[in-house]
Amino acid sequence: MGQRRGRADRGRQRARNCTGAAPVSTDLLNEIREDFLALEQKDRLLLLLEFANELPELPQKFQDHPDLLERVIECQSPVFIFVEVDADGAFHLHATAPRESPTTRGFASILAQGLDGLSAEEVLAVPDDYSQSIGLSEAVSPLRLRGMSAMLGRAKRQLRDRLAA
Numbered sequence: 001m002g003q004r005r006g007r008a009d010r011g012r013q014r015a016r017n018c019t020g021a022a023p024v025s026t027d028l029l030n031e032i033r034e035d036f037l038a039l040e041q042k043d044r045l046l047l048l049l050e051f052a053n054e055l056p057e058l059p060q061k062f063q064d065h066p067d068l069l070e071r072v073i074e075c076q077s078p079v080f081i082f083v084e085v086d087a088d089g090a091f092h093l094h095a096t097a098p099r100e101s102p103t104t105r106g107f108a109s110i111l112a113q114g115l116d117g118l119s120a121e122e123v124l125a126v127p128d129d130y131s132q133s134i135g136l137s138e139a140v141s142p143l144r145l146r147g148m149s150a151m152l153g154r155a156k157r158q159l160r161d162r163l164a165a
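The C-terminal position of the sequence shown is numbered 165 in full-length UniProt numbering, with every residue numbered one higher than the one before it.
Everything labelled a hint here was simulated from the structure, so no lab data went into it. Treat each hint with caution, since some may be false.
As the list claims (entries may be wrong) - With a cut-off of at most 20 Å between alpha-carbon atoms, the simulated DMTMM-like pairs for lysine to aspartate or glutamate come out as follows: (1) Lys156 / Asp129; (2) Lys156 / Asp86; (3) Lys61 / Glu84; (4) Lys61 / Glu31; (5) Lys156 / Asp43; (6) Lys156 / Glu122; (7) Lys156 / Glu50; (8) Lys42 / Glu31; (9) Lys156 / Glu84; (10) Lys156 / Glu138; (11) Lys42 / Glu138; (12) Lys156 / Glu40; (13) Lys156 / Glu121; (14) Lys61 / Asp116; (15) Lys156 / Glu70; (16) Lys156 / Asp116.
Said to hold, decoys possible - What follows is a set of in silico ranges between Cβ atoms, one per label pair, in the way DEER data are often shown: (17) Lys61 / Gly89: 18 to 24 Å; (18) Pro59 / Leu163: 19 to 25 Å; (19) Ala87 / Glu40: 28 to 34 Å; (20) Arg160 / Asp27: 20 to 26 Å; (21) Pro66 / Gly153: 26 to 32 Å; (22) Leu163 / Glu100: 15 to 21 Å; (23) His65 / Glu31: 31 to 37 Å; (24) Pro56 / Glu100: 17 to 23 Å.
Quick reminder that beta carbons are idealized off the backbone N, C-alpha and C, glycines included.
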């Protein structure tokens, strides 16, 4: 399981070396899905826990102003998100979830890492049922899977709002 990050990091580094910028594609989301589907059901939960431990820390501006984050009320655990589009048009999802909620935290981490650096069009093109496609329906409750779908839906709504402004 530890090779997942290594493959993703090497792929991003190769793309940066060739273009000078981070790649813009949904390749990482597809790789994440493939990694989950390649595992037995019990190991998928371990991978989800690995993602939970990899949720990026909030940037200081959000730590100082948590009021900027939006609560994803569909999640059983208190999850808060904020999306940004930088000057280069790259999407960034910032999320926070409690450490004692590893499933929810893992889902937030998958989205934060998998969507990071994508263009607005690529983010909006991610299937709304992505959470259903990673093979956790037997290991995680439908309510938790809907929470991940809600996180993605909120991120897309925030993105549309930013683009309209």
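Results for each hint:
1. Under the criterion of a C-alpha separation no larger than 20 Å, the hint pairing lysine 156 with aspartate 129 is consistent with the structure, at around 13 Å.
2. Between lysine 156 and aspartate 86, the direct Cα distance comes to roughly 15 Å. Compliance with the 20 Å bound is thereby established for this hinted pair.
3. Restraint check for lysine 61 and glutamate 84: the C-alpha separation of about 12 Å stays at or below 20 Å, so the hint holds.
4. At most 20 Å may separate the alpha-carbon atoms for a hinted pair to count; lysine 61 and glutamate 31 exceed this at roughly 31 Å.
5. Pair hint lysine 156 plus aspartate 43 does not hold up; C-alpha atoms about 30 Å apart against a cutoff of 20 Å.
6. Straight-line distance between C-alpha atoms of lysine 156 and glutamate 122 comes to about 10 Å, which keeps the hinted pair within the 20 Å bound.
7. Between lysine 156 and glutamate 50, the direct Cα distance comes to roughly 25 Å. Violation of the 20 Å bound is thereby established for this hinted pair.
8. With a C-alpha separation of about 19 Å, the suggested pair lysine 42 and glutamate 31 falls inside the 20 Å cut-off, and the hint holds.
9. Proximity of lysine 156 to glutamate 84 is assessed by CA-CA distance (about 11 Å); at most 20 Å being required, the pair is judged to hold.
10. In summary, the hint linking lysine 156 to glutamate 138 is not supported, as the alpha carbons are separated by about 26 Å, beyond the 20 Å threshold.
11. Only pairs whose Cα atoms come within 20 Å are accepted, and lysine 42 paired with glutamate 138 is accepted, the gap being roughly 10 Å.
12. Restraint check for lysine 156 and glutamate 40: the C-alpha separation of about 31 Å exceeds 20 Å, so the hint is violated.
13. The suggested pairing of lysine 156 with glutamate 121 holds, with an alpha-carbon distance near 10 Å, which does not exceed 20 Å.
14. Among the hinted pairs, lysine 61 with aspartate 116 is consistent with the structure: their alpha-carbon atoms are about 18 Å apart, no more than 20 Å.
15. This hinted pair checks out: lysine 156 and glutamate 70 have alpha carbons roughly 13 Å apart, not beyond 20 Å.
16. Only pairs whose Cα atoms come within 20 Å are accepted, and lysine 156 paired with aspartate 116 is accepted, the gap being roughly 13 Å.
17. Take lysine 61 and glycine 89: their Cβ atoms lie about 20 Å apart, and the range 18 to 24 Å holds.
18. With their beta carbons about 21 Å apart, proline 59 and leucine 163 fall inside the hinted range of 19 to 25 Å.
19. Separated by about 44 Å at the C-beta atoms, alanine 87 and glutamate 40 break the suggested range of 28 to 34 Å.
20. Here the CB-CB span from arginine 160 to aspartate 27 is close to 23 Å, well matched to the stated 20 to 26 Å.
21. Between proline 66 and glycine 153 the C-beta distance comes to about 21 Å, which lies outside the given range of 26 to 32 Å.
22. Between leucine 163 and glutamate 100, the C-beta spacing of about 35 Å breaks the proposed range 15 to 21 Å.
23. The hinted range of 31 to 37 Å is satisfied by histidine 65 and glutamate 31, whose Cβ atoms lie roughly 33 Å apart.
24. Separation of proline 56 from glutamate 100 is about 18 Å and conforms to the stated range, judged on CB atoms against 17 to 23 Å.
Checked against the numbered hints given earlier, this structure breaks hints 4, 5, 7, 10, 12, 19, 21 and 22; the rest are met.
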